[in-house]
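*Asks:* Sequence:
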Amino acid sequence: MKFSWSPKGLLSAALNPARFKLAGKHIDIPGNELLESYFPEVPLSKGFALEGLANRDSLGYAETYKLGSVDGMRSLFRGTLRYKGFADLMRMFSEVGLLSNKEGDRILLNEWNELVGRAAAKASGETFEMKDTVDVVKSIIGAERAEEHKIIPALKWMGAVPTNPTEVDSSLPPVPKGAVTPFDALATLLSCKLRYEPHERDLVLLSHEVVTAPASAPPSDTFDPATNEVYTSTLAVYGSSSGSAMSKTVGLPLAFATLQVLDNGVRTRGVAGPFGEEIYRPVLEGLDAVGLGMRETRVTGGEGMARSMLRWML
Numbered sequence: 001m002k003f004s005w006s007p008k009g010l011l012s013a014a015l016n017p018a019r020f021k022l023a024g025k026h027i028d029i030p031g032n033e034l035l036e037s038y039f040p041e042v043p044l045s046k047g048f049a050l051e052g053l054a055n056r057d058s059l060g061y062a063e064t065y066k067l068g069s070v071d072g073m074r075s076l077f078r079g080t081l082r083y084k085g086f087a088d089l090m091r092m093f094s095e096v097g098l099l100s101n102k103e104g105d106r107i108l109l110n111e112w113n114e115l116v117g118r119a120a121a122k123a124s125g126e127t128f129e130m131k132d133t134v135d136v137v138k139s140i141i142g143a144e145r146a147e148e149h150k151i152i153p154a155l156k157w158m159g160a161v162p163t164n165p166t167e168v169d170s171s172l173p174p175v176p177k178g179a180v181t182p183f184d185a186l187a188t189l190l191s192c193k194l195r196y197e198p199h200e201r202d203l204v205l206l207s208h209e210v211v212t213a214p215a216s217a218p219p220s221d222t223f224d225p226a227t228n229e230v231y232t233s234t235l236a237v238y239g240s241s242s243g244s245a246m247s248k249t250v251g252l253p254l255a256f257a258t259l260q261v262l263d264n265g266v267r268t269r270g271v272a273g274p275f276g277e278e279i280y281r282p283v284l285e286g287l288d289a290v291g292l293g294m295r296e297t298r299v300t301g302g303e304g305m306a307r308s309m310l311r312w313m314l
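Residue 1 is where the sequence shown starts when you use my numbering, and the numbers rise one by one after that.
Please keep in mind that the hints were generated in silico from the structure rather than gathered at the bench.
The model shown is predicted, which means the values in this text are computed figures rather than measured ones.
Please note that a few of the clues may not be correct.
Pairwise CB distance ranges (calculated) [claimed, not checked]:
1. E111 <-> S69: 55 to 61 Å
2. G125 <-> R195: 31 to 37 Å
3. I27 <-> E144: 35 to 41 Å
4. R145 <-> M294: 37 to 43 Å
5. M294 <-> E148: 36 to 42 Å
Glycine is no exception: its CB is placed at the ideal position from the N, C-alpha and C atoms.
Turn these sequences into a full structure, and let the hints steer you where they fit.
*Replies:* In structure tokens form, the structure reads like this:
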């Protein structure tokens with residue numbers, strides 16, 4: 001995984017509380033439990049090994065998109081896609097104090113290889129020599145977990161723990177001046193270590209799935225999935241020499257909406273989201289014209305991705 005947008009945004013999204021409905025159950029996840037409550041399998045495409053995290057409050061979208069009452073839905077969920085292994089690694093980062101954004105946890109760094117040691121000392125309240133950082137990390141998260149998820153090689157590659165003094169990483173950014181939170185220091189380090197190289201391209205994945213049942217279907221778990229209709233709308237955009245996928249998928253919708261305003265095609269005044277047809281219809285048409293249209297399918301029968309998501313509840 002690399003960054004084509006704000007590392008702070010990605011890291012903070014892993015700490016937010018979430019609300020959603022799944023298989024008739026309302027579920028609330030506190031922010032400090034989000035990383036351990038991830039969905040290990042998201043079968044979006046055979047070409048990607050993906051997992052998912054719940055993304056903030058999903059229930060509000062029922063009103064935003066006029067979907068009807070949440071009580072009448074079996075599931076309503078918005079999530080964030082990540083490559084497999086992301087949640088486990090971020091959870092271990094959190095356990096050693098790297099995701100702390102509290103003012104009282106600010107640390108002073110002389111070198112980047114002190115980052116994990118200083119953060120772990122704040123998180124644990126213990127004092128130890130920086131040369132013992134790797135052993136401290138193993139004691140906090142467990143030696144077996146550290147080995148399984150290869151966190152020590154990852155931290156060494158980042159330059160965040162002491163390594164061979166003869167190994168100098170010239171790709172590291174300047175060490176922050178003054179006291180910073182471990183969260184801010186980590187974001188600064190990752191923005192440098194995980195930046196895209198000129199020959200690399202990013203990828204944006206977006207998937208919507210709507211599963212409908214006949215009006216005559218009973219509002220319970222006993223309905224026959226064979227009568228369902230599963231609608232999917234998927235977008236996969238790769239970056240190119242003309243721009244990153246992130247810049248295209250974020251910038252072009254705004255550009256098309258701006259053109260509509262300049263052409264007096266939008267009667268709405270003030271700050272407004274893209275919920276009115278006078279706004280979203282021209283934007284979707286413009287995106288389709290430049291090759292950024294959604295690929296839509298409809299299948300009769302089945303439960304969509306709900307079956308794999310339900311394993312999370314077991």
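*Asks:* Falls inside 36 to 42 Å, the C-beta gap from M294 to E148?
*Replies:* Roughly 38 Å apart at Cβ, these two residues keep to the hinted range, so it holds.
*Asks:* Between the beta carbons of E111 and S69, is the distance compatible with 55 to 61 Å?
*Replies:* Once the Cβ atoms are compared, 57 Å apart, the range 55 to 61 Å for S69 and E111 holds.
*Asks:* Quick one: are G125 and R195 within 31 to 37 Å, going by C-beta?
*Replies:* Holds, at about 34 Å.
*Asks:* Take the C-beta atom of R145 and the C-beta atom of M294, compute their distance, and say whether it sits inside 37 to 43 Å.
*Replies:* With Cβ atoms ~39 Å apart, the hint holds.
*Asks:* Do the beta carbons of I27 and E144 sit within 35 to 41 Å of each other?
*Replies:* With a Cβ separation near 30 Å, I27 and E144 fall outside 35 to 41 Å, so the hint is violated.
Hint check: a violation occurs at hint 3 only; the rest are consistent with the structure.
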